[in-house]
Amino acid sequence: MPAEPIQRSPAQTVNVKDRAAEAPLVPASSIAGRTLIIVVAIMTFLASLAAGGAVLIGQASREWRSTVSREATIQIKPSPSRDMESDVARTVQAAKAMPGVADVRAMTKRESELLLEPWLGQGVNLDEVPVPRMIVLKLAGDPPVDFDQLRRRIIEISPNANLDDHRIWSERLADMANALVAIALLLLALIVTAMALAISFATHGAMAGNREIIEVLHFVGASDRFISKQFQRRFVWLGLRGGLIGAGMASLVFLSAGLLSRRLAATPSGEQLEALFGSFSIGWLGYSAIALIAILSAALSGQTSRMIVFRRLRRLG
Amino acid sequence: MVRFENVGLRYGMGPEVLQDLNFAIGPGSFQFLTGPSGAGKTTLMRLLLLSLRPTRGLISIFGQDASALEKDAITAIRRRIGVVFQDFRLLDHLTTYENVALPLRVQNKSEAEYRDEVIELLRWVGLGDRMRVYPEVLSGGEKQRAAIARALIVRPELLLADEPTGNVDPTMARRIIRLFVELQRSGTSVVVATHDLGLMDQFDGARRLVLGDNRLHIYD
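Each protein sequence line maps, in turn, to chains A and B. For the first sequence, our numbering begins at 37 and goes up steadily by one. For the second sequence, our numbering begins at 11 and goes up steadily by one.
One thing to keep in mind: the hints can contain errors.
[Stated by the list, open to error] Cross-link-like lysine-lysine pairs, in silico, DSS-like; alpha carbons within 25 Å at most:
(1) A:K113 with B:K119
(2) A:K113 with A:K132
(3) B:K81 with B:K119
(4) A:K145 with A:K113
(5) A:K145 with A:K132
(6) A:K132 with B:K119
[What the hints assert, rightly or not] Beta-carbon label-pair distances, calculated as ranges:
(7) B:S70 with A:S236: 38 to 46 Å
(8) A:I331 with B:N16: 52 to 60 Å
(9) A:I331 with B:G24: 33 to 41 Å
(10) B:V147 with A:L288: 44 to 52 Å
(11) B:G24 with A:I74: 44 to 52 Å
(12) A:H240 with B:A83: 44 to 52 Å
(13) A:L226 with B:D30: 54 to 62 Å
(14) A:H240 with B:A122: 34 to 42 Å
It is worth saying that the hints were derived from the structure and are not from the lab. Ideal Cβ placement from N, Cα and C applies to all residues, glycine included.
Start from the sequences and build out the full structure, keeping to the hints where you can.
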């Protein structure tokens with residue numbers, strides 16, 4: 037530099053570190069930041085609900101199927117030509133002898149009649165009605181029960197006996213749960229797409245609002261990559277804030293639902309809810325999914341804006 | 011360093027605003043670019059800065075054909091050019107220090123690498139006590155000096171200054187031009203666009219590129 041200064045400033049110790057030296061080149065005020073944070077927060081919240089719901093359904097479905105598949109039922113229809121008590125006793129013996137059957141319990145005539153009460157009402161004399169007898173089998177799970185062999189054995193004992201291994205129920209439950217999880221994942225994909233579109237609109241707006249800054253950056257030797265990185269930084273920060281708010285709200289919803297379901301567990305309606313949805317706790321898997329969605333929101337926000345800015349700058353030439 | 015051969019420029023289907031420009035800027039040369047308002051000085055500066063493409067002719071810069079340059083190559087060339095805009099083009103949300111450091115920052119240099127150099131230059135242009143303020147509180151002359159400092163911080167091989175003395179008093183204007191002459195002596199090619207004939211007369215040895223009737227007339 038030339039020797040003689042234009043106008044010497046007073047000697048002083050200059051502390052330029054008073055302000056962050058690496059101030060953002062894309063000013064915060066030039067982006068509709070608050071709006072974008074709210075949009076990302078809502079989208080993250082909805083995505084987290086969808087993901088948490090999918091986890092909840094998956095867990096409940098596994099519990100239903102494991103409960104259903106741990107039991108089998110034998111039904112013996114009454115026939116005037118046969119001794120019901122003898123058929124029941126022999127069938128119980130045959131079932132107990134099968135490998136994989138942990139416990140066998142024949143329901144009494146009274147218990148079988150009680151099963152009909154919800155349909156027929158109380159006070160009906162069922163002595164003359166041919167009520168089938170039920171035998172409940174608890175399965176050990178290992179080794180698996182050979183149901184075909186058991187079916188042949190009980191029909192040999194009583195032609196009116198029928199074995200229900202709950203397989204159809206289990207398959208239907210699995211199908212239903214898989215369909216619900218698929219719907220939740222589809223919702224998740226739609227929400228992510230909507231979020232990417234919102235970020236895209238915000239990026240285009242930010243680029244239009246910062247046209248002069250972009251031009252100056254180009255003139256002083258900034259590459260397209262450098263400029264797009266500046267936008268990415270800004271949008272990652274906005275996305276992270278929105279993502280954390282949305283994920284925090286969703287976590288609160290699941291935590292509250294879990295607490296409420298535990299509190300209601302002692303009541304009849306609570307029991308029914310628990311039978312359907314388990315404990316309403318999404319567990320570490322669910323909360324990990326929510327945390328991942330918050331991080332992905334930030335990454336999606338940054339990456340989308342960077343890609344759009346870079347492509348647009350390249351197109352502008 | 012820079013060569014224009016039969017360069018013409020028109021906007022859309024309109025008439026040519028610049029016609030048959032033929033000139034060269036050699037290393038370590040000093041030239042004034044002058045002409046009446048609207049003659050196309052700023053347009054010619056933009057052609058030199060590669061922010062406009064000519065509609066005909068050849069521009070060669072630092073030995074490369076400008077029409078064949080990819081974006082990354084244009085970026086590399088701009089890093090060898092310092093530019094002072096007529097309207098300063100300082101970024102309002104950055105302090106004077108940050109504005110001057112900008113050309114180094116966009117090259118991904120760390121602040122520790124350039125801090126002392128930026129402070130020294132700011133002191134040198136008389137803005138040592140204004141480095142933490144924003145452009146909106148700077149006077150026209152201070153903005154001008156900050157813009158000049160930003161152009162000089164990269165020690166450019168080619169300096170393009172569009173009306174760099176337009177907002178300063180005559181004494182300051184002479185100092186700025188003297189600074190540019192010193193830069194030229196240290197090897198930088200300088201192009202100063204101005205319509206201040208009095209100022210040009212004080213630096214008689216400089217070459218004059220005069221724009222008029224859409225053409226360029228050269229007075230060595």
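Results for each hint:
1. A:K113 with B:K119: Judged against 25 Å, a Cα distance of about 88 Å means the pair is violated.
2. A:K113 with A:K132: holds (20 Å)
3. B:K81 with B:K119: It holds: about 21 Å lies between the C-alpha atoms, which stays within 25 Å.
4. A:K145 with A:K113: holds (12 Å)
5. A:K145 with A:K132: holds (20 Å)
6. A:K132 with B:K119: violated (81 Å)
7. B:S70 with A:S236: 38 to 46 Å: holds (40 Å)
8. A:I331 with B:N16: 52 to 60 Å: holds (57 Å)
9. A:I331 with B:G24: 33 to 41 Å: Hint violated: Cβ distance 53 Å, outside 33 to 41 Å.
10. B:V147 with A:L288: 44 to 52 Å: holds (46 Å)
11. B:G24 with A:I74: 44 to 52 Å: holds (47 Å)
12. A:H240 with B:A83: 44 to 52 Å: Cβ of H240 of chain A to Cβ of A83 of chain B: about 28 Å, so the range 44 to 52 Å is violated.
13. A:L226 with B:D30: 54 to 62 Å: holds (60 Å)
14. A:H240 with B:A122: 34 to 42 Å: holds (36 Å)
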